[in-house]
Amino acid sequence: MNLSGTKRKFKKRYDRLPTVLLFILPALIPLVVFWIYPICRSIYLSFTNWDFISPTYKIVGFKNYLSLFKNPRFFEALWHTVVFTAGTLIPTIVLGLVLALLLVRSFRGSGILKFILFSPWITPTVAISIVWTWIFKADGGIANTILTALGASPLKWISSSDTAMLSVIIVTVWKSLGYAMIFYLSALEKVPGELYEAGALDGANKVQQFFDITLPSISPTTFFLMIITMVNSLQAYDQIQVLTQGGPSGSTRTLLYMYYQLGFQEFNMGQATAVAVIMILLTVALSVLQFKASEKWVHY
Amino acid sequence: MNTRYSDKNPIGLRVLTTAGKVLILGVASVFTAFPFLWMVISSLKTKADILNTDVFFPPDPQWQNITGILFDSPIPRYIFNSAWVSLVIVAIQIVSGAMLAYALVFLKFRTRKILFAIVMATYMLPVAATYIPSYIILADMGLLDSFGGLIISSTVSIFGIFLLRQAFMQLPKGLVEAARMDGASHWRALWGIVCPMTKASFITFGLMNFISTYNNYMWPSLITKTSDYFLVSQGLRAFFVRDGAYGTEWALVMAASAVVVIPLLILFAFTQKWFINGIGGETGMKG
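Line by line, the protein sequences are chains A and S.
Residues in the first sequence are numbered consecutively from 1, following my numbering.
Residues in the second sequence are numbered consecutively from 301, following my numbering.
By construction, these hints were calculated from the structure, which means they are not laboratory data.
Don't take each hint at face value.
Computed list of lysine to any residue pairs in SDA-like fashion (alpha-carbon distance at most 20 Å, straight line) [what the hints assert, rightly or not]:
#, chain 1, residue 1, chain 2, residue 2
1, A, Lys292, S, Ala417
2, S, Lys573, A, Leu188
3, A, Lys156, S, Thr548
4, S, Lys525, A, Gln261
5, S, Lys525, S, Thr548
The model shown is predicted, which means the values in this text are computed figures rather than measured ones.
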């Protein structure tokens with residue numbers, strides 16, 4: 001085996017190649033076939049007038065985007081997405097933090113409470129949305145029975161365009177509350193105890209301690225949860241499909257639901273993929289924001 | 301730990317805060333648990349009682365609603381479909397994900413950073429944006445409306461790759477090198493040394509992905525049309541629309557939901573800590 005220097009170097013560089021390929025291809029092939037290629041393909045299709053049935057189609061430039069921007073339905077869906085996101089985000093984060101603060105020190109029964117509060121997160125959204133459809137039933141549903149018992153007037157919940165979005169938000173908050181709580185519990189446990197001791201020595205009361213010590217210490221978690229909740233809201237489908245199918249009269253149609261209707265009901269693939277590209281851009285913007293912020297907060 | 305909050309507050313105030321705490325936790329737990337309880341209570345009612353708002357508890361529990369779902373409905377079949385399809389998917393995801401994470405952490409190659417950047421970029425992207433082209437790919441392969449199509453389109457978990465990479469990076473650097481010196485192959489080093497030492501992350505990965513695949517709705521409902529291939533969410537929805545006739549058979553619909561949900565709650569009761577560890581681990585990375 002008299003290999004010259006360069007040959008040996010060559011061999012050294014490439015004899016690892018089969019091993020590397022063996023280890024990365026089982027995940028990389030499906031990642032390319034069902035993730036990366038479809039994303040690129042969606043971007044390409046958004047510039048065509050493909051209708052799913054005809055074998056041929058033309059490149060139409062930005063026509064799909066322009067007709068979306070001229071369509072009031074698109075801006076309605078965008079607005080519904082914003083309302084749904086804000087309406088889910090704020091209660092989930094505030095209530096998740098409150099519950100975590102109350103449960104961070106264990107007491108008898110706290111394990112059971114954590115179990116109950118987190119349990120909706122592992123159950124199928126479709127199943128629990130069906131249960132909520134029953135709860136929200138306008139006549140004879142338990143939600144209205146409770147409202148009437150409390151002296152309030154009954155609501156139409158999912159069957160009126162005024163309250164349908166509220167109903168979808170309630171179900172979503174119900175489902176994601178425990179998830180936010182668990183995140184906050186683990187963040188609160190990591191706040192160093194000395195900070196509180198120092199705070200107490202300086203004469204800070206509990207409210208001051210909360211705002212000066214707890215809240216800044218867990219701000220990376222808050223920010224992370226905000227981004228995750230926004231990304232999840234952008235992708236919410238199951239509860240909308242079961243509770244309202246985007247209705248009544250489009251009042252719960254979000255961008256994702258519009259994408260579903262354009263693509264899989266109307267077969268307008270060009271416009272559907274244009275909506276998908278807009279959702280991708282929104283997600284990229286959120287991720288960049290997350291990345292920048294975590295860079296800033298890394299010193300905590 | 302308790303000295304941290306050494307309380308100088310007067311006793312009256314303390315009673316008040318405790319009462320407030322109990323009240324908030326009580327309301328939150330009732331709000332969370334109520335839909336599950338109401339599902340079970342409703343599932344045991346007769347067709348007449350369920351629409352009568354004066355009847356809260358079923359006077360004569362209709363257990364045959366539940367047994368009817370268990371022995372004389374397609375729901376058990378959907379549960380079985382979901383369970384075995386998810387097991388296969390998660391097994392493949394664990395093997396492929398562990399191998400990629402191992403390569404990213406322990407193998408040295410020049411495109412490693414680019415590869416990680418690609419994986420990272422896909423992490424948050426809305427998966428629905430891939431559905432139209434993925435649908436066409438499955439159609440071209442003749443795999444629409446089949447278990448094969450469901451499985452082959454879900455064989456990679458980006459979340460899992462992240463979780464395992466995170467765990468692998470915390471292992472001592474020399475560990476794998478020492479095993480290699482002793483003549484172990486990379487395959488043996490991964491499954492014989494690295495995997496046992498990061499068992500907790502593997503369990504979290506398996507459970508989290510099992511649950512999310514088991515519950516998955518949108519993608520399976522787009523690619524399967526025959527009820528033989530329905531996963532549980534799509535099956536339950538079909539049952540709700542067809543046999544439940546959109547609300548004329550509420551007791552049966554609630555019984556079907558209970559049969560789907562209760563086993564998951566029991567599974568969760570025994571595996572809770574792995575879910576919580578998984579989520580806690582994620583924040584560990586960010587905080």
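Item checked: In rising order, the numbers of the hints this structure does not comply with -> 5
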